[in-house]
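S.K.: Using the hints, put the two standalone chains together into the complex.
So the sequences go chain by chain: L and D.
Going by our numbering, the first sequence runs without a break in its numbering and finishes at 159.
Going by our numbering, the second sequence runs without a break in its numbering and finishes at 217.
Check before you lean on any hint, since a few could be wrong.
To be verified - Stretch-level coverage of chain L by chain D, calculated; a stretch enters the list once three of its residues show a Cβ under 8 Å from a Cβ in chain D:
| hint | region |
| --- | --- |
| 1 | 72-81 |
| 2 | 88-100 |
| 3 | 142-153 |
To be verified - Taking lysine to aspartate or glutamate and the DMTMM-like style, the derived pairs with C-alpha atoms no more than 25 Å apart in a straight line are:
| hint | chain 1 | residue 1 | chain 2 | residue 2 |
| --- | --- | --- | --- | --- |
| 4 | L | Lys146 | D | Asp134 |
| 5 | L | Lys141 | D | Asp163 |
| 6 | L | Lys73 | D | Asp163 |
Note that these hints are calculated values from the structure, not bench results.
By construction, the Cβ of each residue, glycine as well, lies at the ideal position given by its N, Cα and C atoms.
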Amino acid sequence: SQQGEEDPQALSIQEGENATMNCSYKTSINNLQWYRQNSGRGLVHLILIRSNEREKHSGRLRVTLDTSKKSSSLLITASRAADTASYFCATEIKAAGNKLTFGGGTRVLVKP
Amino acid sequence: DGGITQSPKYLFRKEGQNVTLSCEQNLNHDAMYWYRQDPGQGLRLIYYSQIVNDFQKGDIAEGYSVSREKKESFPLTVTSAQKNPTAFYLCASSMAAINQPQHFGDGTRLSIL
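So that you can see chain D by itself, here it is in the shape it has in the complex (with noise of 0.2 Å):
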């Protein structure tokens, strides 16, 4: 079946240490997304990516990279200039076109230790 795998499903940052979130999607959409979503709110933009090599940083970028290697993969890596991490983080993709719903993953639970 097709979709979005993320992994892991909690995660644990200790201060001042780097964390990648995976994302995967065997649905052979071009773009994808990534989401901060902090407790009772809503989403929010971290990165996209229309197609392979190239992304654009969304509202709160800040603390945040990406890579977009291959057309299944978008990893982020939280880093430790990202002072407020504990969040829950959502990929997404979708056809890169307009009036395309987007596919979500399960999402990363993310805490600081």
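Next comes chain L alone, as it looks inside the complex (with noise of 0.2 Å):
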């Protein structure tokens, strides 16, 4: 199975509401990674939270992480159509230099 696992695989909500997704991984690394995947592009870099730090925020995305449990959250606050995307986790492992291992994503449709 793959070393990062979003939960849920699917979210659908109303503008203005927030959406969370998890990511779970298995082995232990340098820093966990949030993209953004509009259809049919390329992925955007949204947040990186090295593996010391337990929370970051930029604008109305807050990520949280917790090593002792091998997890982390993708919190979108208000959210809005134009947030409609997917959402992929990406951890960087220990020993493995600067690749990444993504997971398979949580596809977010925030309706109008």
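M.R.: This is the structure we're talking about:
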């Protein structure tokens, strides 16, 4: 199975609501990263959280990391229709250099 | 503006044919990567390069080849040995150090004729 696995696989919410998605991983990491992918496009980097950090914010995004549980969460507050996309977590595993291992993604639909 | 350019956007391959996907970056990054994405799936690493004239196999390298003759360029060849090449191919680059984000191109969609 994959190093990073997202939950849920899909999420449908109304504009203005919050969206939360989770990522679990198996081995020790240097960092965990979240990316967004709009349909048919490349990935866009959102946030990188290092293994010694517990929480990071960027605009309406909040990421937490719990290394004891090997899990992370991404919260999007006050969602907008433009937030409709797939969101992927990726882990940079210790002893694997700067390669990333991606999860399967969470598909988020924000309805106007 | 700095970025990564992938071409072509769409590519069709005939049986037994090799095709080459282009990836160029002007971000002055040492590291470059090729990923494959199947519908509704995450990304899987094909090949990566940390420096010019050096590259390593990723998790699914069979049926693919790469070269890294210039810092800016990392072309991927999908050979006839790759029996299921239909996928979305993404190129990325980063600084060659840990704790660095990757920057992605807009992908090439490869289909079989």
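S.K.: Taking the hints in turn, state whether each one holds.
M.R.: A quick look at each hint next to the structure:
no., hint, result
1, 72-81, "holds (count 3)"
2, 88-100, "holds (count 7)"
3, 142-153, "holds (count 9)"
4, L:Lys146 to D:Asp134, "13 Å, holds"
5, L:Lys141 to D:Asp163, "17 Å, holds"
6, L:Lys73 to D:Asp163, "17 Å, holds"
In this structure, none of the earlier numbered hints is contradicted; all agree with it.
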